[in-house]
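Top to bottom, those sequences are chains A and B.
By the working numbering, the letter at position 91 of the first sequence is numbered 1045, and the numbering carries on one by one without gaps.
By the working numbering, the letter at position 43 of the second sequence is numbered 143, and the numbering carries on one by one without gaps.
Any given hint might turn out to be false.
Unchecked claim - Here are the computed lysine to any residue pairs in the SDA-like style, where the Cα-Cα straight-line distance is at most 20 Å:
#  : chain 1 : residue 1 : chain 2 : residue 2
1  : A       : Lys1067   : B       : Arg311
2  : A       : Lys1028   : B       : Asp234
3  : B       : Lys320    : A       : Ser1091
4  : A       : Lys1032   : B       : Glu223
5  : B       : Lys246    : A       : Ser1091
6  : B       : Lys320    : A       : Lys1006
7  : A       : Lys1170   : A       : Leu976
8  : B       : Lys314    : A       : His1050
9  : B       : Lys246    : A       : Ser1052
10 : A       : Lys1006   : B       : Val256
11 : B       : Lys314    : B       : Phe241
12 : A       : Lys1017   : B       : Gly229
13 : A       : Lys1115   : B       : Asp234
14 : B       : Lys320    : A       : Ala1125
15 : A       : Lys1006   : B       : Leu230
16 : B       : Lys315    : A       : Lys1067
17 : A       : Lys1017   : B       : Gly226
18 : B       : Lys320    : A       : Gln1100
19 : A       : Lys1032   : B       : Tyr222
20 : B       : Lys320    : A       : Glu1089
21 : A       : Lys1006   : B       : Gly220
22 : B       : Lys246    : B       : Arg311
23 : B       : Lys314    : A       : Glu1095
24 : B       : Lys246    : B       : Leu145
25 : A       : Lys1032   : B       : Leu145
In case anyone wonders, no lab produced these hints; they're calculated from the structure.
Source: prediction; values computed, not measured.
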Amino acid sequence: MLRIQGLKKSFGNVEVLKGVDLELQKGEILVIVGPSGGGKTTLLRSINYLEKCDAGTIAIDGKYLIRDGVYASKGELKEIRRTIGMVFQGFNLFPHMSVIDNIIEAPIRVFGKNRDEALVEAREILRFLGLTDKENSYPFELSGGQKQRVAIGRALALEPKLMCFDEPTSALDPALTDEVAKVIKSLSVKGMSMLIITHDMEFAKKVADRIVSIDKGVIIDEHMYESGTGE
Amino acid sequence: MNGIIGFLEYFKMLMPQVMDGLLVTLQIFGLTLILSIPLGVIIALGRLSKLKVLNVITGAYILIMRGTPLLLQIVFIFFGLPLIGVTLDRLPAALFAFTLNYGAYFAEIFRAGIRSIDIGQYEGAGVLGLSPRDTFFRIIFPQALKRVLPPVGNEVVTLIKDTALVYILGLDELLKIGKIATNRDATLLPLVIIAIVYLALTYVLSEIMTRFEKKYDYYK
């Protein structure tokens, strides 16, 4: 589903990713842990084409975002980005748009769906996320957990094959992390792959099929977590 | 001319001229706004562009427009352009100068507004696949607009008073009407009346701007 090989990225003289190799299966929940500055955010941003890498390969669902340091064409990039959903740490919701408008913006503007069709699908997503009554609220009226679910919903509207989460528990009450874990697990059951970065080890254990850690720009070890063992 | 009755009589007598002046003032004011705000947005985009050439050109433009008196700009455009073969009537010349000048001020306001929008908004739009055009017009600009409303309101109020500068071209706007009447009738009353008219205009404009700001209060 996702394959990364020899990925390198420098900011000026500082090499942040020093040859990262990583694979992710369809429907798998992979959690990346590691200390701040270890490169995990950069890795996630690179997969979303928010950072440009210097060398290496990223392939998503068989399509190359970057192959041996060479990026895909503009048109291909657009296609590939559509298959990835991203939930930012700060959510980055559009504050001037209502919850439902946040969700239908991309389906209408990017996929060219008509408004009615997009609304039906968006309401379906809101129901799945338990946000039906927030349809017409604005982001500033929502709690952190609700904002996060809207951000998840907005990404889901693109029907991505891979969902990325940047520190999904950082803005949440500890009591709410179970909720997010539940949402993430139910999505993976549907066949969506999940890539999560966090430094919340408790949460990682709760949600992950597999945990890897990254430090000083390389993947340093892999822990396997069989789902269902409670580990 | 004694007391309040006299004042009202005089006011009535002067009214038609004041209305004519008001019309000219509003014409310059309205057309300048309609033309200079879009110009300001375009110049602001030039300032923010990644293209160095555009930065330099729009930067120089803003420097010149904000760095020289509007009065001089009006004079140069009306009396100077004919020297290179471009002759404009008085009203178009005034409008041209006002639009160029206010476009520069609006550009700086819009630039600040656009710059103030968090990078996360661009990234959020980017991962959704929105085009740069949609990102700007659907996501960034509407939010910038809300933030710039107070300084835009400031400019709007300044503009209504700046329109008096077109007296230099002999256009019969409000202030000139007042001055003529003051000289002719040897009284300050016309200027008092004109001041009241400006004040009323400013009041109305401030109210309109407040409405706009309230309209954008639906989100934070």
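Against the structure, the hints come out as follows:
Only pairs whose Cα atoms come within 20 Å are accepted, and A/Lys1067 paired with B/Arg311 is rejected, the gap being roughly 34 Å. Pair hint A/Lys1028 plus B/Asp234 holds up; C-alpha atoms about 17 Å apart against a cutoff of 20 Å. Distance check on the hinted pair: B/Lys320 and A/Ser1091 sit about 12 Å apart at the alpha-carbon level, within 20 Å; holds. Of the pairs offered as hints, the one joining A/Lys1032 and B/Glu223 holds, with about 14 Å between alpha carbons and a cut-off of 20 Å not exceeded.
The suggested pairing of B/Lys246 with A/Ser1091 holds, with an alpha-carbon distance near 19 Å, which does not exceed 20 Å. Taking the CA atoms of B/Lys320 and A/Lys1006, the gap is near 33 Å; set against the 20 Å cutoff, the hint is violated. Between A/Lys1170 and A/Leu976 the CA atoms are separated by roughly 15 Å; this keeps the pair inside 20 Å, and the hint holds. In summary, the hint linking B/Lys314 to A/His1050 is supported, as the alpha carbons are separated by about 14 Å, within the 20 Å threshold.
Restraint check for B/Lys246 and A/Ser1052: satisfied, since their Cα atoms lie roughly 16 Å apart, inside the 20 Å limit. A C-alpha spacing of about 43 Å is found between A/Lys1006 and B/Val256, which places the hinted pair above 20 Å, so the restraint is violated. Under the criterion of a C-alpha separation no larger than 20 Å, the hint pairing B/Lys314 with B/Phe241 is consistent with the structure, at around 18 Å. With a CA separation close to 17 Å, the supplied pair A/Lys1017 and B/Gly229 stays within the 20 Å bound.
A C-alpha spacing of about 24 Å is found between A/Lys1115 and B/Asp234, which places the hinted pair above 20 Å, so the restraint is violated. Restraint check: the Cα-Cα separation between B/Lys320 and A/Ala1125 comes to about 19 Å, which is no more than 20 Å; the hinted pair holds. Annotation: proposed proximity of A/Lys1006 to B/Leu230 holds, straight-line Cα distance about 19 Å (limit 20 Å). A threshold of 20 Å between alpha carbons decides the hint, and for B/Lys315 with A/Lys1067 the separation of about 29 Å lies outside it, so the pair is violated.
A distance of roughly 19 Å separates the Cα atoms of A/Lys1017 and B/Gly226; the hinted pair therefore holds under the 20 Å criterion. Proposed proximity of B/Lys320 and A/Gln1100 is supported: the alpha carbons are some 16 Å apart, at most 20 Å. Taking the CA atoms of A/Lys1032 and B/Tyr222, the gap is about 15 Å. The hint holds against a cut of 20 Å. As the CA atoms of B/Lys320 and A/Glu1089 are separated by approximately 17 Å, the hinted pair is consistent with the 20 Å bound.
Taken as a hint, the A/Lys1006 and B/Gly220 pair is honoured in the structure, with Cα atoms around 17 Å apart against an allowance of 20 Å. Among the hinted pairs, B/Lys246 with B/Arg311 is consistent with the structure: their alpha-carbon atoms are about 12 Å apart, no more than 20 Å. The hinted pair formed by B/Lys314 and A/Glu1095 meets the criterion: a straight-line CA distance of about 17 Å does not exceed 20 Å. A distance of roughly 17 Å separates the Cα atoms of B/Lys246 and B/Leu145; the hinted pair therefore holds under the 20 Å criterion.
The suggested pairing of A/Lys1032 with B/Leu145 is violated, with an alpha-carbon distance near 24 Å, which exceeds 20 Å.
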